[in-house]
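Trainee: So for the sequence shown, the working numbering puts the first residue at 29; every next one is plus one.
These are calculated hints, taken from the structure and not from any lab test. Treat the hints with care, since some could be wrong.
Said to hold, decoys possible - Capping the alpha-carbon separation at 25 Å, the derived lysine-lysine pairs in PhoX-like fashion look like this:
(1) K467 x K512
(2) K601 x K469
(3) K567 x K593
(4) K546 x K516
(5) K320 x K333
(6) K467 x K567
(7) K772 x K706
(8) K40 x K91
(9) K263 x K178
Said to hold, decoys possible - Here are the simulated distance ranges between beta carbons:
(10) Q337 x K565: 38 to 46 Å
(11) Y90 x G216: 45 to 53 Å
(12) K546 x E648: 36 to 44 Å
(13) V299 x Q619: 29 to 37 Å
(14) A339 x K91: 41 to 49 Å
Where a beta carbon is used, it is the ideal one built from N, C-alpha and C, also for glycine.
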Amino acid sequence: MATLTKDKPAIKNTFPVEGMTCAGCAVSVESMLQSQTGVQSAAVNFANKTVLVEYAPGTDLYKLQQALQSVGYDILLKKEEATQEAQEAREQEAYAQIKTKTLWAWLLSLPVSIIGMFFHDWQRGQWAMLVLTLAVVFWFGRNFYVNAFKQARHGKANMDTLVALSTGIAFLFSAFNTIYPEFFLSRGLEPHVYYEASALIIAFILLGKLLEERAKSRTSGAIKKLMGLQPKSVKALRNGQEMELPIEEVLVDDILLIRPGEKIPVDGRVVTGSSFLDESMISGEPIPVEKKAGDQVFTGTINQKGSLQIAAEKVGSETLLAQIIKMVQEAQGSKAPVQKLTDKVAGIFVPVVIVISLVSFATWYFVGGENNFSHALMAMITVLIIACPCALGLATPTAIMVGVGRGAENCILIKDAESLETAHKLTAVVLDKTGTITKGKPEVTELQWNLPPEEKGSVEAVLLAMENQSEHPLAEAVSMHLTKLGVKAAQLEQFESITGRGVQAQYKGHSFWLGNEKLMQENNLRFSADFEKTGQKLKAQAKTVVYAGTQGQVVALIAIADAIKESSAQAIKDLQQLGLNVYMLTGDNAQTAAAVAQQVGLQHYKAEVMPQDKADFIQELQRQGQVVGMVGDGINDSQALALADVGIAMGRGTDIAMDVAKITLMHSDLKAIAKAIKLSKATVRTIHQNLFWAFIYNVIGIPVAAGLLYPIWGFLLDPMFAGAAMALSSVSVVTNSLRLRSLKL
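Put together the whole structure using the sequences plus the hints.
Mentor: This is how it looks when you write it as structure tokens:
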């Protein structure tokens, strides 16, 4: 027997699971695994169709597999079966199969329903319906019967049980009346057939499962894309020789060569060289960071123009990127599957309906008098038919489908029902700064001149030429601004980059400088009183100020910043008016954070936060009892997005952020968050209404179907009316869901 000791700690492994079709299945898989010897815990991630199992060393995994197979599921233990490619191939195959089944079920059900509605007295038509329904029920719908049988073997029942019982009994009863109609005719009863009920029930439920699988087929590629940030091979110096190594063979203290445009393969420190690195995947900030000897670098960040030699400090699973990948995986799997209201009710509803149908049969059989068996069978079938879960199965997905479509019309991409149902419960919204509140790209916000208009044009041309040759990350913002003004670059006679200061150039015998305040002072360039005052004011607003000087004076002042989106302040106000606590997190410095928070009307913010800090902040709010929405756009936000109750990504952000998040704002307008919350409230309200309509027919119809009114008025509900009531409940549900189309956001 496998046991845990200090020397033998528990093993954790994630395995793909097959056969899960609902949140109830996830609960069944968890409970079955947790009941097995050696298993400490099992947590199903229904979205990814995986289970995280914690078990003692020596546990027989194949016994776990056999236990799941006995109730209709399967766990894949082989490594080659657990790859991303293998998982995607299985999902595509499953989707193709259910699509084929649904198509054929509808093609065969339609003629059955036409004959049943308009030609029910046609004797040969009944034989045609028998053959067509036989194919629909026992071939295209065979999984319902297989799963119901496997559940029954373990004393369990689910929605498959009701589907199998109602369609199976209705079919067998109809087949009996087709083959041997004299049985009921001799007893003065009409031998009705209910083939259309059996066939259409299977067709409707298959359609619902197809729509569900279609939504789930877009599985998250977040982990795969995160892994893609690390290069597969790297150039290293060993024994004085350059060689190319697979990333797996890199060792701590190896010296690695990083050329312009290449990704940093491991965490380490710069040994020689200097360059600017795009670290937006870590900090979320768009401005590249200068790196020189002794500075730390992280896996996945991108080298820009210079060449570097770095010493590896952390490799493999120890790197910051690997830790982010692990945290995202754990965050995605840490959420217990939401137990949908329909699944909770079904857990009670299914056995109750079966008991009522059996009690109805027994009551009629023993006290029904003449034709007791016929009445007993009719009552039992009527109860099962009227209790068919069509409307119950449609109650949530139809509302979700319309709600998601309404969101898409307003550029709000909602990925799953859980997030749409949770959004209306939010009490706090956490906003990333860069790319969320701000535009995420540095741009010129101020350009002031201390020159006569006739001289400005030639200096602009020189500045454009200098910035075109500069390697500084802010140079592109100035170049783009001047180019938009129609400036043409001059031909410089000389150009020099001054590290940490700026650039210097010669044009027509004159010297020009472009850079920070220190560069101006070192070259004795005079500041006007206005420039000094304006520069201090702009710096207080957390803007980067660049000066241009020539002929002994500073002639231009350029302010560069990550500009705030026009709609951000109003969007934050809208959220605050909804009673939400709004917070801002940023990897930027405290001065910049304070300036942005003041401009958009925020009181709560944190600066200089790393990805783990953002995740910790989300968890702290959740520990306080808050329901948290996280809004971000970068890789650095992915952990927090996955941990939040509702993750919201900006449409112009990274693919990884959008994959991890459950809601994506396609036009990056923060005002859409309030719209998403309003849509969530309306959708949840519609779901509750749908569940009411789905059950009101059962609450009224089941007692009538069981024969409750027969002793009083002699009325026994005909199964045909039971089928009509079932259909009417479905129509009511769909019609009510369609009302969401007219919702004003």
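Trainee: The structure should be examined with respect to each hint, and the outcome stated for every one.
Mentor: Here is what the structure says about each hint:
no.	hint	verdict
1	K467 x K512	18 Å, holds
2	K601 x K469	24 Å, holds
3	K567 x K593	20 Å, holds
4	K546 x K516	28 Å, violated
5	K320 x K333	13 Å, holds
6	K467 x K567	19 Å, holds
7	K772 x K706	9 Å, holds
8	K40 x K91	17 Å, holds
9	K263 x K178	56 Å, violated
10	Q337 x K565: 38 to 46 Å	42 Å, holds
11	Y90 x G216: 45 to 53 Å	60 Å, violated
12	K546 x E648: 36 to 44 Å	41 Å, holds
13	V299 x Q619: 29 to 37 Å	32 Å, holds
14	A339 x K91: 41 to 49 Å	48 Å, holds
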